[in-house]
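Number of protein chains: 2
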Amino acid sequence: MSVGYPLTLRRLIESLSKIPGIGEKSATRIALFLLSKPEFCETLGDLIKELPYKVRLCKFCRNLSEEEICKICNDDTREAKSLCIVENPVNLFHIENTGIYKGYYFVLHYLLSPKDGIGPKEIEMDKLLSLIRKRGVEEVIFALSPTLGGEATISYILQVLKDYPIKVSRLACGVPMGMDLQFVDPLTLKRALLARELLKEQ
Amino acid sequence: MSVGYPLTLRRLIESLSKIPGIGEKSATRIALFLLSKPEFCETLGDLIKELPYKVRLCKFCRNLSEEEICKICNDDTREAKSLCIVENPVNLFHIENTGIYKGYYFVLHYLLSPKDGIGPKEIEMDKLLSLIRKRGVEEVIFALSPTLGGEATISYILQVLKDYPIKVSRLACGVPMGMDLQFVDPLTLKRALLARELLKEQ
Ligand SMILES: [Zn+2]
Ligand SMILES: [Zn+2]
Chain G
11 MSVGYPLTLR RLIESLSKIP GIGEKSATRI ALFLLSKPEF CETLGDLIKE LPYKVRLCKF
71 CRNLSEEEIC KICNDDTREA KSLCIVENPV NLFHIENTGI YKGYYFVLHY LLSPKDGIGP
131 KEIEMDKLLS LIRKRGVEEV IFALSPTLGG EATISYILQV LKDYPIKVSR LACGVPMGMD
191 LQFVDPLTLK RALLARELLK EQ
Chain S
11 MSVGYPLTLR RLIESLSKIP GIGEKSATRI ALFLLSKPEF CETLGDLIKE LPYKVRLCKF
71 CRNLSEEEIC KICNDDTREA KSLCIVENPV NLFHIENTGI YKGYYFVLHY LLSPKDGIGP
131 KEIEMDKLLS LIRKRGVEEV IFALSPTLGG EATISYILQV LKDYPIKVSR LACGVPMGMD
191 LQFVDPLTLK RALLARELLK EQ
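Those protein sequence lines, which keep their order, are chains G and S. In our numbering, each residue's number is its place in the first sequence (first place is 1) plus 10. In our numbering, each residue's number is its place in the second sequence (first place is 1) plus 10.
Next comes chain G alone, as it looks inside the complex (with noise of 0.2 Å):
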């Protein structure tokens, strides 16, 4: 499709479309577009260039930060007894922007898979277990996806927690609010009747 298309164009467009989600007729779309914004290419690309240098993971949580620890793991007003669980920087932004959690958290990255070779290295245990010692955490929380690799992530790291004084909870599973009943799958509407919650006794 980009045959024609001088060199450096067919090499962008070709590099576009190694980002997922974009396609070779979106990558022809964006390039043309930057063609016509020249300024725009030096910003843009400056900020691709940078983005690896700048951006890297907390220390502590292994969140996205500028810094060598975060913005959340420097915040000492936090309830430190409390470390929440999540796959990713997005799922714990997302989580962050309920008000609700003021605990700190810890990013794994991964969820565990080992037909993809995702093992406990990748989602780098000794981690986890060193911040849990060195909050002094009594409460982990799983926010993790109630997917297979969820399920997995949290039946190993529970495992390996065993041993440990700390509480272990996760997110509640069932109908999520303002959903149909009819469209609710069967999995969920059997988990949402066995954790039925109690409106009044007897």
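Treat the hints with care, since some could be wrong.
[Unchecked claim] In silico EDC-like pairs for lysine to aspartate or glutamate, Cα to Cα no more than 16 Å straight-line:
1. K64(G) <-> E78(G)
2. K59(G) <-> E49(S)
3. K64(G) <-> E49(S)
4. K59(S) <-> E49(G)
5. K35(G) <-> E49(G)
6. K59(G) <-> E106(S)
7. K177(G) <-> E106(G)
8. K59(G) <-> E60(S)
9. K28(G) <-> E49(S)
10. K112(G) <-> E149(G)
11. K28(S) <-> E52(G)
12. K59(S) <-> E76(G)
13. K81(S) <-> E52(S)
14. K28(S) <-> E49(G)
15. K64(G) <-> E52(S)
16. K64(G) <-> E76(G)
17. K59(G) <-> D56(S)
18. K64(S) <-> E132(G)
19. K81(G) <-> E49(G)
20. K144(S) <-> D85(S)
21. K64(S) <-> E49(G)
22. K47(G) <-> E60(S)
23. K59(S) <-> D56(G)
24. K91(G) <-> E148(G)
25. K28(G) <-> E106(S)
26. K59(S) <-> E52(G)
27. K47(S) <-> E60(G)
No lab work stands behind these hints, which were simulated from the structure alone.
With chain G's structure known, arrange chain S with the ligands on it following the hints.
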């Protein structure tokens, strides 16, 4: 949504969101993907930065080119008497890929649209006329979309060319190959009827 991310990441997300067709969600997804690929960031950043310096418009036909004169204009084996007028480089390569057309091109980059401030100056009529003279063009073929802007542009250029001894044609309008007649809009159908092809006389 990206409030909690490090500044560099936020600035990149904001920049990417300025590209038409990329919303904040896609921009965030792309930025996080880039973050995981430091070498790719280097390559892509360089490509974007050098794009406006390496790719320019051909002096003759205004097609994209890395040289002052593009490969097509530099190809002496093409039919000099025929000039195809296209809106943009995408459409030029679209026609080129049919393998049918062997003449030269002229790229307008805009269609006339007085309300958007696009007049004869923007479509560089003087460059078109000097190219026609230079090549001794005998046939001009309009390969513009049959839209309001396309029709206005054809009318205008046709008017300018009226005293030139040049044959002028345009792409045939009609029912697209393979399309079920029930889905063809009435205007196209009307046009296809008026321009019907003769298969057998009497
Ligand atoms: Zn941190
Ligand atoms: Zn050219």
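Check your understanding: Going through the earlier hints one by one, which of them does the structure break, listed in rising order?
Key -> The structure breaks hints 5, 6, 7, 12, 13, 18, 19, 25; every other hint is satisfied.
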